[in-house]
Amino acid sequence: MNLISALATVVAFIFTGAVWARYRRRGGRHLLYWSIGALLFGVGTLAETVLSVSFHPAALKAWYLSGAMLTAAWLGQGTVALLVRRRGVTPALTWALVVVSLLAVGLLVAAPVMGTVGYDVSQPVSSQYREILGSSGAVVALTIVLNIYGTITLVGGALYSAYLFWRKQVLLNRMVGNLLIAGGALMPATAGSFLRAGLVDWHSLSELVGVALMFLGYVQAVRGK
Amino acid sequence: MSGEGPRFKPSRGTKVLVPVVLVILGVGLLAVLALVGAAALGWLGG
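These protein sequence lines map, in sequence, to chains A and B.
Position 144, counted from 1, in the first sequence is what my numbering calls 147; the numbers after and before it change by one each time, with no gaps.
Position 33, counted from 1, in the second sequence is what my numbering calls 55; the numbers after and before it change by one each time, with no gaps.
Since the hints were derived computationally from the structure, they do not count as laboratory data.
Note that beta-carbon positions come from the ideal geometry of N, C-alpha and C, so glycine has one too.
It cannot be assumed that every hint is accurate.
[Said to hold, decoys possible] If you anchor each label on the Cβ, the simulated ranges turn out as follows:
#, chain 1, residue 1, chain 2, residue 2, range
1, A, 130, B, 60, 14 to 24 Å
2, A, 202, B, 56, 37 to 47 Å
3, A, 222, B, 35, 31 to 41 Å
4, A, 56, B, 27, 40 to 50 Å
5, B, 45, A, 133, 12 to 22 Å
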């Protein structure tokens, strides 16, 4: 079993619980979307953990759908809801994301799973799924669009916020928190690059460190003045 | 983002460190976007 992925799952679900609890107490759509994003992260690493023990087609699809396709976009949507003040923009983007997410679910459910004979549980699913999951051009295109949208909004939004707090020299905790969120979010976004560079261990570690940094950044940003 | 709240006075080290970190993370963001677009990389290695 991949213990690092399992640990990342635990951190992601604690992160989800913390954001969800704050949403229940204080409201705020950004908290709702962040909790969805953190939950998707946890589902992705949980599926990765399951796939490190044995192969299940449903786990493969859950990993790709939640981890590779939707996590970044929903975390980024939280930042959009927090930062974008122009009336109507955030609801329109949210509805667009809901539609695209449902489309992604449909495409992944319909995607064929082929030739699992050579699947090796000792290797990360990320390095093997391309030969197993019959992903169409639409799935690949959606993956690119969702990840670019999510990474720009989440990382870009956190850097923009950190820069504003730095320039005004106010709310040090939020400036530090946003830097941690930006740094943390870049790590799981680059997990595939580590794999392609042959750094297999870094791949799982980047997910754990990434989610831990985002959680720390969130805690730092919301702590009392 | 709100600009209201307690102010802080950065030390000399912080005055150098924070802009450097901002630039590094900004470059990292551009690199990740290029990778995602060129190699169809998703999060968590997908």
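Hints and how they fare:
With their beta carbons about 18 Å apart, residue 130(A) and residue 60(B) fall inside the hinted range of 14 to 24 Å. Between residue 202(A) and residue 56(B) the CB atoms are about 19 Å apart, so this pair departs from the stated range of 37 to 47 Å. Evaluation of the 31 to 41 Å hint for residue 222(A) and residue 35(B) yields a failure: the beta carbon distance comes to about 24 Å. Hint check: residue 56(A) to residue 27(B), Cβ distance near 47 Å, so the stated range 40 to 50 Å holds.
For residue 45(B) and residue 133(A), the Cβ-Cβ distance of about 34 Å falls outside the hinted range of 12 to 22 Å, so the restraint is violated.
The earlier numbered hints that this structure contradicts are 2, 3, 5.
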